[in-house]
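**Student:** This is what each chain is made of:
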Amino acid sequence: MRFKLKVWRQKNPKTKGKLVEYQATNVSPNTSFLEMLDVVNEGLIAKGEEPIAFDSDCREGICGTCSLTINGEAHGPDHPGAACEVYMRRFKDGATIIVEPFRAKPFPLIKDLVVDRSALDRIVQAGGFVAARAGSAPEANATLVPKQDADRAMEAAACIGCGACAAACPNASAMLFTAAKVSHLAFLPQGQPERTSRVLKMVTAMDAEGFGNCTNTYECEAVCPAQISASYIAKLNREYAVASFRRKAGE
Amino acid sequence: MTASSSFFRSSVGKKFIVAITGVVLIGFVVGHLLGNLQIFLGQDWVNSYAEHLRQLGPVLWIIRAFLLLNVLLHIFYTISLALENRRARPVSYKRKEHVKATFASRSMALSGLIVLAFILYHLAHFTARVTDPRFLLLKADPLNRYDVYSMMVYGFQNYFVSGFYVLGMFLLALHLSHGTSSFFQSLGLNDKKLTPRLATGGRIFAWLIFIGYSSIPVAVLLHLVKPAQQL
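First to last, the protein sequences are chains E and H.
Residue numbers 1 to 251, in my numbering, belong to the letters of the first sequence in order.
Residue numbers 1 to 231, in my numbering, belong to the letters of the second sequence in order.
Certain hints may be false.
Result set (BS3-like, lysine-lysine): computed pairs, CA atoms no more than 25 Å apart in a straight line [said to hold, decoys possible]:
| hint | chain 1 | residue 1 | chain 2 | residue 2 |
| --- | --- | --- | --- | --- |
| 1 | E | 111 | E | 6 |
| 2 | H | 193 | E | 14 |
| 3 | E | 201 | H | 96 |
| 4 | H | 94 | E | 6 |
| 5 | H | 100 | E | 201 |
| 6 | H | 100 | E | 11 |
| 7 | H | 193 | E | 248 |
| 8 | E | 11 | E | 47 |
| 9 | E | 16 | H | 193 |
| 10 | E | 18 | E | 111 |
| 11 | E | 92 | E | 105 |
| 12 | H | 94 | E | 201 |
| 13 | E | 4 | E | 92 |
| 14 | E | 6 | H | 193 |
| 15 | H | 193 | E | 18 |
| 16 | E | 111 | E | 92 |
| 17 | E | 201 | E | 248 |
| 18 | H | 193 | E | 105 |
| 19 | H | 100 | E | 147 |
| 20 | H | 94 | E | 11 |
| 21 | H | 192 | E | 6 |
| 22 | H | 193 | H | 100 |
| 23 | E | 147 | H | 193 |
| 24 | E | 105 | E | 201 |
| 25 | H | 100 | E | 14 |
| 26 | E | 147 | E | 6 |
| 27 | E | 47 | E | 147 |
| 28 | H | 193 | E | 92 |
| 29 | E | 4 | H | 193 |
| 30 | E | 111 | H | 94 |
| 31 | E | 16 | H | 100 |
Hints listed in this document are in silico derivations from the structure and should not be mistaken for laboratory results.
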C-alpha cells in the first residue's frame with residue numbers, strides 16, 4: 001500500500017508549524033500506524049533529515065502515551081482504541097492522511113506531534129488519590145465493596161489519561177478525564193474521607209489549567225480508547241454540587 | 001471566597017445556571033405554545049385568554065421580569081463559557097471530524113443568538129405592535145376586548161413575516177433538540193441508561209414544539225384561520 005501523509009511539523013514551541021507532505025510507500029496492510037511512521041522516519045534519517053517526533057510507549061493501547069489526531073479524529077478512525085492500535089489496512093490504498101497533534105491550550109506543543117499533557121497530572125495531584133494508613137496490611141475482606149460499586153469504579157478507573165477527550169472536544173474540555181478520576185474514587189469506600197475535598201480541588205485545578213467547558217456534545221466518549229461513558233460527567237456534576245452544598249453548610 | 005460564590009465561578013456551577021435558566025425558558029416555550037394554540041379554538045378563546053393575562057396586572061410584570069432575568073443569565077453565562085471555550089484551543093485543527101457531536105450541539109451559540117433576534121422582532125411585532133400599521137385599525141371584539149385573534153391572523157398573512165417565524169421556530173427547535181436533554185446532564189440527573197432515551201425524547205419534544213408553533217402561521221397562510229373582522 002502507499003499513502004500521502006500530511007504531518008504537522010514544528011521545530012519547537014516558539015516557531016510556526018505547518019503540514020509537510022511525505023510519501024509512505026511499500027506499506028504492508030498489517031503495519032500499525034506508528035510502525036508506518038517509524039518506517040517513514042527511517043527514510044528521513046537515511047536522507048539526513050530530522051525524523052518526525054511523536055509520542056508512544058506500550059503500543060498496545062494501555063499506557064495512554066500516543067496522542068495523534070489522524071484525519072481529524074483523536075486516536076484515528078478506529079474507536080474505541082488508541083492511535084497505536086490503528087492498522088494501515090483501515091485506510092484506502094493511495095489515501096491522503098493528515099496527522100496532527102492533540103490540540104488544546106493546556107497541552108502546549110513541544111515538537112511536531114508531541115504535546116505536554118502534564119496538565120492532567122496536575123489535576124490528579126490536586127485530589128486524585130486516597131490517604132492510606134501506614135503499618136501492617138489490613139485484613140483483605142475487612143472493607144466491603146458492593147459488586148455494582150466495584151464495577152462502576154472499575155469502569156471509571158479504565159481511564160488511561162491520554163487526553164483524547166480534551167483533544168476531540170469542540171471546547172477542549174477535560175471533563176471526561178476529571179469525571180473518570182473523581183468517579184473512580186467516589187464509588188469506593190477507600191475514597192470516602194477525601195470525597196468532598198477531592199471533587200472541589202480537582203475541578204478547581206481543571207478550570208485553572210485553562211481547559212474549556214463541557215457542552216454535552218459527547219464527542220469525548222466517542223473517541224475514548226477506554227470507553228469511559230459521558231454519564232460519569234453527570235456523576236461529576238452531582239458530586240461537585242453536593243460537595244459545594246456540604247462546604248456551604250460548614251461540613 | 002465563600003463556597004457558593006466559588007461554585008458559581010466554576011465551570012460546573014456556571015453550567016448549572018445555564019441549565020436551570022434553560023428549564024425555566026423551556027417551561028415558558030411550552031406555556032406560550034399552549035396559549036397560542038387556542039387560536040384553533042376560535043376568537044373567543046384567544047381573546048379571553050389574552051384578557052386574563054392582562055388582568056394579572058402587576059403579577060404579569062413580575063412574571064415578565066422573572067423571564068427577562070432568566071434570559072439575561074442564560075445569555076450572559078453561555079457567552080462567557082463560549083468565549084472561554086474558544087480560548088481553550090488557540091491553534092485549531094487543519095481537519096476536524098465529529099464522531100458523535102451533533103450539528104445542533106455544536107451550533108448552540110449561533111442558534112441561540114438567531115432565536116434572540118427573532119424574540120426581539122416578535123416582541124416588537126405582537127407585544128409592542130410597532131411593526132405593522134394595520135394593527136392600529138383593529139377594533140375591539142364584540143365583548144369589548146382587544147382582538148388578539150384577528151391581530152394574529154393579519155400578522156401572519158404576510159409571507160415574509162410568517163417565513164421568519166417558521167425560520168425562528170426551526171432554530172429554536174434545533175436549540176432545544178440539544179438543550180432539552182443537555183440540562184439533565186449538566187444538573188447530574190442522568191446515567192448511562194437514561195442518556196440515549198433523554199436524547200431521543202429531547203429531539204421529539206423539540207420538533208413537536210416546532211410543529212406546534214409553525215402550524216399557526218401555516219394555517220393562516222392556507223386560509224384555514226380567517227380574521228374575525230375586516231379592516
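**Student:** Indicate, hint by hint, whether the structure satisfies it.
**Tutor:** Okay, the hints, checked on the actual structure:
{"no.": "1", "hint": "111(E) <-> 6(E)", "verdict": "holds (16 Å)"}
{"no.": "2", "hint": "193(H) <-> 14(E)", "verdict": "violated (46 Å)"}
{"no.": "3", "hint": "201(E) <-> 96(H)", "verdict": "violated (32 Å)"}
{"no.": "4", "hint": "94(H) <-> 6(E)", "verdict": "holds (10 Å)"}
{"no.": "5", "hint": "100(H) <-> 201(E)", "verdict": "violated (30 Å)"}
{"no.": "6", "hint": "100(H) <-> 11(E)", "verdict": "violated (33 Å)"}
{"no.": "7", "hint": "193(H) <-> 248(E)", "verdict": "violated (32 Å)"}
{"no.": "8", "hint": "11(E) <-> 47(E)", "verdict": "holds (18 Å)"}
{"no.": "9", "hint": "16(E) <-> 193(H)", "verdict": "violated (46 Å)"}
{"no.": "10", "hint": "18(E) <-> 111(E)", "verdict": "holds (12 Å)"}
{"no.": "11", "hint": "92(E) <-> 105(E)", "verdict": "violated (33 Å)"}
{"no.": "12", "hint": "94(H) <-> 201(E)", "verdict": "violated (35 Å)"}
{"no.": "13", "hint": "4(E) <-> 92(E)", "verdict": "holds (11 Å)"}
{"no.": "14", "hint": "6(E) <-> 193(H)", "verdict": "violated (40 Å)"}
{"no.": "15", "hint": "193(H) <-> 18(E)", "verdict": "violated (43 Å)"}
{"no.": "16", "hint": "111(E) <-> 92(E)", "verdict": "violated (29 Å)"}
{"no.": "17", "hint": "201(E) <-> 248(E)", "verdict": "holds (15 Å)"}
{"no.": "18", "hint": "193(H) <-> 105(E)", "verdict": "violated (33 Å)"}
{"no.": "19", "hint": "100(H) <-> 147(E)", "verdict": "violated (31 Å)"}
{"no.": "20", "hint": "94(H) <-> 11(E)", "verdict": "holds (18 Å)"}
{"no.": "21", "hint": "192(H) <-> 6(E)", "verdict": "violated (38 Å)"}
{"no.": "22", "hint": "193(H) <-> 100(H)", "verdict": "holds (17 Å)"}
{"no.": "23", "hint": "147(E) <-> 193(H)", "verdict": "holds (18 Å)"}
{"no.": "24", "hint": "105(E) <-> 201(E)", "verdict": "holds (20 Å)"}
{"no.": "25", "hint": "100(H) <-> 14(E)", "verdict": "violated (34 Å)"}
{"no.": "26", "hint": "147(E) <-> 6(E)", "verdict": "violated (48 Å)"}
{"no.": "27", "hint": "47(E) <-> 147(E)", "verdict": "violated (58 Å)"}
{"no.": "28", "hint": "193(H) <-> 92(E)", "verdict": "violated (36 Å)"}
{"no.": "29", "hint": "4(E) <-> 193(H)", "verdict": "violated (42 Å)"}
{"no.": "30", "hint": "111(E) <-> 94(H)", "verdict": "holds (17 Å)"}
{"no.": "31", "hint": "16(E) <-> 100(H)", "verdict": "violated (31 Å)"}
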